[in-house]
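Chain B with the ligands: place on chain A using the hints.
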Amino acid sequence: MALIKVSQLVKHFPKRGGFLNRVIAKVHAVNDVSFEIHAGETLGIVGESGCGKSTLGRVIMRLLDPTSGSIEFDGQPLQELSHQQMMPFRRKMQMVFQDPNSSLNPRLTIGAMLAEGIRFHNRSGYILKDQPLDQYIDSLLSKVGLRADDKSKYPHEFSGGQRQRIGIARALSVKPDFLVADEPVSALDVSVQAQVLNLMQDLRDDLSLTILFISHDLKVVDHFCDRMLVMYLGHVVEEMPCKQVHQNALHPYTQALLGANPVNDPDERHELTVLDGEVPSPYDPPLGCPFVTRCPIKTTKCESENPPLVQINDQQKVACWEVSAEKPHA
Amino acid sequence: MNQEQAILRVRNLSTCFRTDRGDVTAVDRVSFDVFRGETLGIVGESGCGKTVTSKSIMRLLPEHLSYFKQDSEILFDGKNLAFAKEKELRQVRGNDIAMIFQEPMTALNPVFTVGWQLDEALKYHTKLDKAGRKKRALEMLKLVEMPNPERRLSEYPHQLSGGMRQRVMIAIALCCEPDVLIADEPTTALDVTIQAQILRLMEDLKKRVGTAIVLITHDLGVVAQVCDRVLVMYAGQVVETAPVRQLFHQPSHPYTKALLDSLPKPGVHQDRLTAIEGIVPSLFDLPSGCRFSDRCALCEDQCRNEPPQIQTLDSPDCSVRCHFPLQ
Ligand SMILES: Nc1ncnc2c1ncn2[C@@H]1O[C@H](COP(=O)(O)OP(=O)(O)O)[C@@H](O)[C@H]1O
Ligand SMILES: Nc1ncnc2c1ncn2[C@@H]1O[C@H](COP(=O)(O)OP(=O)(O)O)[C@@H](O)[C@H]1O
Ligand SMILES: [Mg+2]
Ligand SMILES: [Mg+2]
Chain A
1 MALIKVSQLV KHFPKRGGFL NRVIAKVHAV NDVSFEIHAG ETLGIVGESG CGKSTLGRVI
61 MRLLDPTSGS IEFDGQPLQE LSHQQMMPFR RKMQMVFQDP NSSLNPRLTI GAMLAEGIRF
121 HNRSGYILKD QPLDQYIDSL LSKVGLRADD KSKYPHEFSG GQRQRIGIAR ALSVKPDFLV
181 ADEPVSALDV SVQAQVLNLM QDLRDDLSLT ILFISHDLKV VDHFCDRMLV MYLGHVVEEM
241 PCKQVHQNAL HPYTQALLGA NPVNDPDERH ELTVLDGEVP SPYDPPLGCP FVTRCPIKTT
301 KCESENPPLV QINDQQKVAC WEVSAEKPHA
Chain B
1 MNQEQAILRV RNLSTCFRTD RGDVTAVDRV SFDVFRGETL GIVGESGCGK TVTSKSIMRL
61 LPEHLSYFKQ DSEILFDGKN LAFAKEKELR QVRGNDIAMI FQEPMTALNP VFTVGWQLDE
121 ALKYHTKLDK AGRKKRALEM LKLVEMPNPE RRLSEYPHQL SGGMRQRVMI AIALCCEPDV
181 LIADEPTTAL DVTIQAQILR LMEDLKKRVG TAIVLITHDL GVVAQVCDRV LVMYAGQVVE
241 TAPVRQLFHQ PSHPYTKALL DSLPKPGVHQ DRLTAIEGIV PSLFDLPSGC RFSDRCALCE
301 DQCRNEPPQI QTLDSPDCSV RCHFPLQ
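Protein chains in written order, with our numbering: chain A, 1 to 330; chain B, 1 to 327.
Here chain B stands alone, though its shape is the one from the complex:
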């Protein structure tokens, strides 16, 4: 992929939280590019820092409880969003970069109708008059294949099912035709048949508008189905990046391989699944060497003592943080 096309570049993003047990670095020197029209997957077990990464980009973390380390860069349109003023951020949020969440209720306002919320987005992002906005709002709901779209305009979020709420969120995101859509576990709470609809809608958005999608998920099936490139996170760090086929067929990091191995594989008779023993370490009690060392089947002395750096492999598209990458 061509370097010039990166529309969002994240460099050395370190997000820290002040807690009553001291400061913790929840996201540790994370770097990646997002290219126009691609779907970048971010995967990892819960607690690995996926949501904190996405909320950092949107600057949605509480200011008084969190901060970025000095050299953190979130480069969009010539600006470093990490240290941009609220006024500049408001311009970017929703307009250029939009976000949808696992639980759309957190982002929808419960006291206003669906129509009102779409109207607000359109007021902000278009120059349409009231009648024009109403017409567009309806079009948006039709576009996201909302059943009975006319009726939905006057309904409140709580009257909708989870899948319908997620469609409203996508419709709102669509109103502003963003350059980047960050989708944090958008289908995790939904049934598979509804998930299939939402994934298809995001695919359409990408094709129609050229929106780049950052899809955060813990579901490797979803990654295999829709992502172009993948970033694997573990305990706050990027441990592997690779194009999706490479990642699934020739994972370099033992963690990536272990995650893939732990999936039930339909049609393949497995007597037992291959589990990863143990759990993601606490941010307060990180191993001094490789953060995955205590769960890694291939751990050596060096891994326990010395933290591995991220290194580029044969192709610039691929990198891994491991002393002994596979193959």
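Here chain A stands alone, though its shape is the one from the complex:
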């Protein structure tokens, strides 16, 4: 059963300028994106910077309003809800950010910050139904690998990895069902990245969380997620299960991402894939397929018609004229 259902989501940002500060162009940050996330599933979003991953995450969280399209949480369309009606969903949906510094208030101790969020969302008594606040905060800190006496410290007294644990503790403090994690380990060293990924994995299993996991790092997404969407210039170009991405990737962009990734073993060195052609401006995307300017297998059709995301097999969807011509859905 889908916990999150996103349908034909579009988000444009206007660019103003010139005479009278009119809208002179639009960034097509998210373009006609549809997908579902099942309860308990971790869906990864992968793609290079500027492809619209964060915007997608923020629109789903309703931190931004979509230009068009819909977002359903557990069957309830969110975009029609008033601020008041949205309140219970704000508790159920939480976010973890790449840079915990910018999302932690430097003037509040960790304990005070957590208490503030918990009190705000505990009106129905749901969060503190089993434990008083103090005890609940202690158990929360221990869950994310921090000590109880850390609650009297300020954010700057922690390392990057610890701050990310605090960011996770804050998101989980209100007992959400759904988590959007936007590049949660991208600023961390691999050693610490592994600590935080393991922690998120444990919490996900313990709390049966549903997660949208955003990262530019295909290796991390492949390891952590059940399924992934590959985005390019605001479009989803491929959707497939993780763990066998190397065998399964069909879209030429996904393959280019894989081929550009350095190896993990010097014995497996290969010439890294280098894409020719220019990265198009998001203000002026190509007419046809968004990847057409860099695609090694493009045809004339690709220059004029944008390929739809089509089902290639039970588990995989690809938006590419060439791939779908070769592998029509059985």
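Since the hints were derived computationally from the structure, they do not count as laboratory data. None of these values were measured; they are calculated from a predicted model.
Derived DSBU-like pairs (lysine-lysine); straight-line CA-CA distance at most 35 Å:
hint	chain 1	residue 1	chain 2	residue 2
1	B	Lys207	B	Lys265
2	A	Lys26	B	Lys142
3	B	Lys265	A	Lys143
Then chain B with the ligands, alone, in the frame of chain A:
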């Protein structure tokens, strides 16, 4: 590798900072050689002293806040750069040894065009006249595969993407055909497809000019992909040196092994990653024994009490700082 070919030799480099909490030794008796035409990787978690090592070699650290210990040697072309005069350094910097940074904006001048900055480098390093320099600048931008190179000459750094700025930096470094290029996390801020382009450009530079590259990175994938030899740093010290295949297949230091184990491995199903618990110790609060002891899975009493010395293993190419090296 042949001893005579080392073009840069670093011996017992110790770099200290004066801070309001007292002096700290950020780089502690670091020694290594750089050979012509090789790529030497320097890896380690953030805060291990990689940038301070590279800036020490270029003498780019603030003089009033930092100093080298007396026996520090940075030997290049018969000179010890550690104690060389600014005039001698200017000769070396850019000419013989060039550096590129993670954030090229710090090294590019924001108020001048790309063309102007290339022209300055060429003025300094060649005897070309104005027209000749302009032609060469364009060639350089083409060489680094800059899109629309003619247009870029009249653009300012802020008008370029991160990948393009890094290409300008490489083009400037190329102008002087340096013997050594020190690249400090040159691709860390870039997307993988752009990283692939930059790594290929550095590889070309090495092949065309014979430039030795010191590639500083925290990304072991990049090391596996392009380095010949590797230096692993931890808390300001070298803890292991080895040829790249040896390092990846038979690491000697538990820290090296732990770093390798913590990588997600595509195609290999891992239920959990193997993390290194804890963090790099603060320079103000270093363990009295081995600096890695409090995070090491194999720590013994001796490790807590006695700092290990760096020792050469079976081959002179390999050394390790550990009381109980693996294997
Ligand atoms: N608030 C905004 N105003 C205008 N443009 C924006 C805004 N936020 C993002 N964008 C643009 O939308 C596109 C997608 O950005 P983003 O979602 O941040 O990508 P990603 O997270 O994949 O790096 C980019 O071209 C970015 O410049
Ligand atoms: N100007 C400075 N004053 C005091 N300490 C410094 C200064 N610059 C760097 N350090 C310290 O030196 C150590 C090594 O830093 P750095 O070389 O930047 O690490 P890396 O590049 O490996 O991430 C760190 O502990 C850092 O805090
Ligand atoms: Mg983002
Ligand atoms: Mg550094």
